[in-house]
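Visitor: Take the two lone chains, each set in its own frame, and fit them into one complex as the hints suggest.
The primary structure of each chain is shown beneath.
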Amino acid sequence: MPAIKLVGILLAGIGTLAIYSFLYRENKFYRLFEHVFIGVGVGIGVIETTRRFLIPELLQPLYVKGLAGLAVSRVVPGMVSPFGVSGAFVSRIAQDAWQPAEFLWLVPAVIGSLYYTIYSRRYNWLARLVIGLGIGAAGGAAFEGIFTEMLPQIYSAFRPIVVFEMKTGGIDWGMSLINVIMTVSMICTMLYFIFTIDRKKIYLERAASTGRLLMMISFGAIFGATVTARMALVIERIQYLTGDWAQAVFYSFYQVFGW
Amino acid sequence: MTIRRDIGALVDWWSRFRDDPRAELRRLPGALRRFPKALLLWLGGLDRRIIYLLTALALIIPLSCELMYAPPRMAQAEKLFDFIEGMKERDERSLVLVSVDWGPQTRSELEPATLAVIKHCMYSRVPVVVMTLVYAAQGFTVEIPREAIDAVEKARRDAGLPEDEVKVVYGRDWINIGYQLGSVNAVRGIASDLPSQVSTDVNGTPLSDFPIMRDVANADDFGLMVEITGYVGFANMWLQWFKKEKPVYISLACTSVSVPESYAYLDSGQFVGLLEGMPGAAGYDRKLEETLGIPHAEKTYRAMTQQMFGQALVVILVVLGNLAYVVGRRVKEAA
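Going down the list, the protein sequences come from chains H and U. For what it's worth, the working numbering labels the leading residue of the first sequence as 1, then goes sequentially. For what it's worth, the working numbering labels the leading residue of the second sequence as 260, then goes sequentially.
Bound conformation, chain U alone (with noise of 0.2 Å):
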């Protein structure tokens, strides 16, 4: 009812106004020596619909006036990167997989972590096993690699390389293993005898037909496994059962809730990388358009640019609403 109250109080004093402009004007001085206060006092009780307004017009603006900037930098998306860019030189190990842990209510923030990392593996022709563990991201392994292949050749072809080496071929370049049941046995099943647990791919061709697949035994023939997920204890599953006999690198790419609890494994160095949320995937993204020369997907940049309008008002909102706390305290406490 606050909303019909201010309103209410804005009309009366239009009408004061018609009424009798110049009283109010002789008034005005001393109100907006008052304004500073009342308007802290007014913030402190503002009803949080209008904060929903707010926030949705900051989201809205930016995209609508079609505002993009570029994203930061971000140094543990990078350490990732050098990572997949060095896994050829470094290792005859250079299978990364990929787990698309993530279902569509954290799509926002995973979808641009998992086709950068895509992108990356595919351009750099590092060969990528993509699957999943949940079976409502079963859609997101078709989806996503389609998207990824597209901007590759893209940058292939404006690279001025080849038509033969523009094509990402399914079964050499990458494979989708698809929906694995069962979660941990299902890792553990990975980890050590794969072609016992995996038979076939997505579509049903066995693996033993797919060059990609074809001396995959276990864990120990991957160089590198990222784990994507919004999900608790999915990145931990991985962590602990991942691995025959050689260690094998794992990086994340986990939601902005995740990122704080993630650095923990970051420092002890049991995640390689670690892309942090959507900031993580727009710096992994604007990385691999600086260096490789891939196009940054537009969809992540401006979500980006959404974000900072949002959390500069969620800023301003958080100053004010402790303002008008203060303010409102001394207030009542004068009363």
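Next up, chain H with everything else stripped away, as it sits in the complex (with noise of 0.2 Å):
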């Protein structure tokens, strides 16, 4: 086994272990892992956000094709020029590299370098005008794709009370029943969220109060998957630490005690 693998495995196995520890109280193990795992995951992402888009993206166009290409079609002019000195193949390798409209990707790194004036008790407005366009920009964009993904569910909570079999020509009644809770289920919840309306009438509140009902219902539901997919990450962790973690253990003294 690689010895970097190696301490990989040994040090996830350990870092879990502490994260767990928590479980029996605050220590000081706790704490140092829970500090190296926000560090990780903050330098993570400052690494990938810097390889994956500020230098594809911004630094590399702006340079390479921006400063760099004005630079060769400036200074060494007769490069440019298919008649110059170094003939047509550098010419075009200057004109390809030289694409003034690449400079634009300035305005929009600009204006989210305004993000940083948050931290100036004078100019902190500025961060507000980006915010601002971010959550316009989003709004936007949200307004636009809620009704691809709202209108088909609109369409299907309209369902008939009494479902036909295609077959016999029958009355479904399962279907039908699914349909009716459904139906009521719906109408009693949205009752619940009106509060525009007096509520005074008994089989108003009777309605809103079963809605109540049918909500606590849905979250124990919920809280029920939460439990299943938190006991999930245990199940992981505990094969990961009885499995490639203690084959680990066990090849680490082997290895450095010979038993």
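Accuracy of the hints is not assured; some may be wrong.
[To be verified] No more than 30 Å apart at the CA atoms, straight line, and that leaves these computed lysine-lysine pairs for DSS-like:
1. Lys591(U) <-> Lys338(U)
2. Lys347(U) <-> Lys591(U)
3. Lys296(U) <-> Lys505(U)
4. Lys558(U) <-> Lys413(U)
5. Lys413(U) <-> Lys5(H)
6. Lys5(H) <-> Lys426(U)
7. Lys296(U) <-> Lys347(U)
8. Lys5(H) <-> Lys558(U)
9. Lys338(U) <-> Lys413(U)
10. Lys28(H) <-> Lys5(H)
11. Lys347(U) <-> Lys167(H)
12. Lys413(U) <-> Lys426(U)
13. Lys347(U) <-> Lys505(U)
14. Lys505(U) <-> Lys338(U)
15. Lys338(U) <-> Lys167(H)
Since the hints were derived computationally from the structure, they do not count as laboratory data. This structure is a prediction, so every number in the text was calculated from the model and none was measured.
Guide: Structure below.
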């Protein structure tokens, strides 16, 4: 097993145990790995953003096609001319490199950088412009997209109370019951959230209470699903600790102590 | 401090029993009568660390005893299975896009689902494009297809297929276009004009060099999109933006937490299938084994068995906890 992989597996296992040690009580071992975890997360985020976005999407176009191209075309004018000293080949490289439109990337870069003015008392209003711009763009996009997502949901909410079977023509009692439950649930739950009408009438109050009850049932299901999901996380860690990590520990002992 | 108190009470009882066993035995019938109530009251004040310990034991014991039960059949997972099986006959668009949008924190639930779907596509010779919108998943887009290829090639060899039909070929049967930065913008870009959004595969080779991507221009060229995610909003994003002219069929594999809200999209027909967390993935794996003969992932089956024991413990603790609460309230009222 390569040493770097071995160290990685051992560290991952120790980190897991450190985080789980919090279940007993708060301790320094847990604190250390909590900070390591957050630090590693932020570090990877910064590196990935720089490598995947800042360099290829902003710095490279600005430098290669913008600044460098401009320098070549301005400093060595003879090279740009196809009849110049270096001939058509160099001329073509220089002309391809020099793309003034690439400088337009500076506009979003400058606007985005205004975010950092949030640290200045005097100029923090500039950050609000950027935040507003972001929220506006996201809101507009969401408004456009929400129709695609929500309209089919609204259509499917209108269901027949009595469903007939296609083959026999008789009533499909099971499906009809499901549709009735679904429709009643929807109406009652919506009634619970309508505060603009007076709910003095007993049937409205009862319907709203039923809506609340139905929501509690649904929240119970969501909570149960959450427990299942959290348990799955523990299971994966236990499999890791008893599998790869235990093997790595034994292997390390064997390598170091010979037993 | 409850643990110390409980252990202290046990030590006290033992010392009393050692000093005068007969007296303690005389008290036994009365103690046995009071025992259920006392036990429930004790459970009501049970230290949380004991519950953690019990949970750990419930999850470790099935693993150490090597218990493994077949998972239940999952109807929604089978819908996705049937959809992929029927793709070649139904439509000329048989390309599947699998977006691996999850990180290490949801690996336990979504790795089996990703593996199962990719295995199925590769085995059924439905070309599959793998990508991710999450930088933490880049490693998984390489590791999981490799694992799937091993399983598929083994299954084909076991089925007695000739060696030239066994191989899963990169660029023909599948491709990895890697991490796509920009979430919504990336989805919109792929949907409207894929070649301008993604120019190379994960290794930097131009997409036009691969037969699988030669005629792919936009979302209309995909027969199915499978979103595998543990993040809020990612499935909605694909639903909202991944389309051009023709409707694209979308399926979801999500964590158990997101399952209740995902049913609404399944009901409305926006998702053609749903892999509901680990049980969904295990059910899919079972279907693959029963129908196509692809061996199941042992890790998934074991995890499902562990989960069964863990959930049984949770149910028992919930029931006992509620009983303890009722008994405790009555005792308080009586006092």
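Visitor: Compare the structure with each hint and give your call.
Guide: Hints and how they fare:
For a cut-off of 30 Å, the pair hint linking Lys591(U) to Lys338(U) is broken: about 53 Å separates their Cα positions. Restraint check for Lys347(U) and Lys591(U): not satisfied, since their Cα atoms lie roughly 68 Å apart, outside the 30 Å limit. A hinted pair counts as satisfied when its Cα atoms are at most 30 Å apart, and Lys296(U) with Lys505(U) does not qualify at roughly 65 Å. A hinted pair counts as satisfied when its Cα atoms are at most 30 Å apart, and Lys558(U) with Lys413(U) qualifies at roughly 17 Å.
Taken as a hint, the Lys413(U) and Lys5(H) pair is honoured in the structure, with Cα atoms around 27 Å apart against an allowance of 30 Å. Note on Lys5(H) and Lys426(U): the hinted pairing holds, with a Cα-Cα distance of about 29 Å set against a maximum of 30 Å. Simply put, Lys296(U) and Lys347(U) have alpha-carbon atoms about 64 Å apart, too far for the 30 Å limit, and the pair is violated. Note on Lys5(H) and Lys558(U): the hinted pairing holds, with a Cα-Cα distance of about 21 Å set against a maximum of 30 Å.
At roughly 26 Å between alpha-carbon atoms, Lys338(U) and Lys413(U) fall within 30 Å of each other, so this suggested pair holds. Restraint check: the Cα-Cα separation between Lys28(H) and Lys5(H) comes to about 26 Å, which is no more than 30 Å; the hinted pair holds. Restraint check for Lys347(U) and Lys167(H): the C-alpha separation of about 29 Å stays at or below 30 Å, so the hint holds. Distance check on the hinted pair: Lys413(U) and Lys426(U) sit about 10 Å apart at the alpha-carbon level, within 30 Å; holds.
Only pairs whose Cα atoms come within 30 Å are accepted, and Lys347(U) paired with Lys505(U) is accepted, the gap being roughly 17 Å. Of the supplied pair hints, the one linking Lys505(U) and Lys338(U) holds, its CA atoms being roughly 21 Å apart against a limit of 30 Å. Our distance criterion of 30 Å between C-alpha atoms is met by Lys338(U) and Lys167(H), whose separation comes to about 22 Å.
Going through the hint list in order, the structure does not satisfy hints 1, 2, 3 and 7.
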